Amino acid sequence: MSFLGVVQDKEGMNYFFKNTRSGHIYRVTPRGGGDARLVKEGDGWFILEIDGTLYKVER
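Residue numbers for the sequence shown follow our numbering, beginning at 25 and rising by one.
Warning: the hint list may mix true and false statements.
To be verified - Restricting the straight-line Cα-Cα distance to at most 25 Å, the calculated cross-link-like pairs of lysine-lysine (BS3-like) are:
hint, residue 1, residue 2
1, Lys80, Lys64
2, Lys64, Lys34
3, Lys42, Lys80
4, Lys42, Lys64
As the list claims (entries may be wrong) - Restraint ranges, calculated between C-beta atoms of paired labels, are given here:
hint, residue 1, residue 2, range
5, Lys34, Thr77, 28 to 36 Å
6, Ile49, Leu78, 13 to 21 Å
7, Ile74, Val31, 14 to 22 Å
8, Gly29, Val63, 17 to 25 Å
9, Trp69, Ile49, 24 to 32 Å
10, Phe27, Gly56, 12 to 20 Å
11, Gly76, Lys34, 24 to 32 Å
12, Val30, Glu73, 14 to 22 Å
13, Lys34, Lys80, 27 to 35 Å
Because the hints were derived from the structure by calculation, they are not lab data. From a predicted model like this one, the values you see are computed outputs, not experimental measurements. In this text, a Cβ means the ideal position worked out from N, Cα and C, and glycines have one as well.
Please put together the full structure from these sequences, using the hints given.
As structure tokens, then:
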């Protein structure tokens, strides 16, 4: 999993991550929607939940 970037819209920040194996792009929205849930964000890393599995992603 790799971090692609952040896009801001009228609702707030949208985070984008890419699965390096499948190429699928996951979107995390400000209201908790999208394809993944942002569990925690630290200094240079994120923890995502996708389909019940946690992933740590370095920025």
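For each hint, the structure was consulted:
1. Lys80 - Lys64: holds, 9 Å
2. Lys64 - Lys34: OK: Lys64 and Lys34 at ~22 Å, within 25 Å.
3. Lys42 - Lys80: The hint holds at about 13 Å.
4. Lys42 - Lys64: OK: Lys42 and Lys64 at ~17 Å, within 25 Å.
5. Lys34 - Thr77: 28 to 36 Å: holds, 31 Å
6. Ile49 - Leu78: 13 to 21 Å: holds, 19 Å
7. Ile74 - Val31: 14 to 22 Å: holds, 19 Å
8. Gly29 - Val63: 17 to 25 Å: At roughly 19 Å between Cβ atoms, Val63 and Gly29 fall inside 17 to 25 Å, so the hint holds.
9. Trp69 - Ile49: 24 to 32 Å: With Cβ atoms ~19 Å apart, the hint is violated.
10. Phe27 - Gly56: 12 to 20 Å: About 19 Å separates the Cβ atoms of Phe27 and Gly56, which means 12 to 20 Å holds.
11. Gly76 - Lys34: 24 to 32 Å: Because 30 Å falls inside the window, the suggested range holds.
12. Val30 - Glu73: 14 to 22 Å: holds, 18 Å
13. Lys34 - Lys80: 27 to 35 Å: Between Lys34 and Lys80, where Cβ atoms are some 30 Å apart, the hint holds.
Going down the numbered hints, you'll see the structure goes against just number 9.
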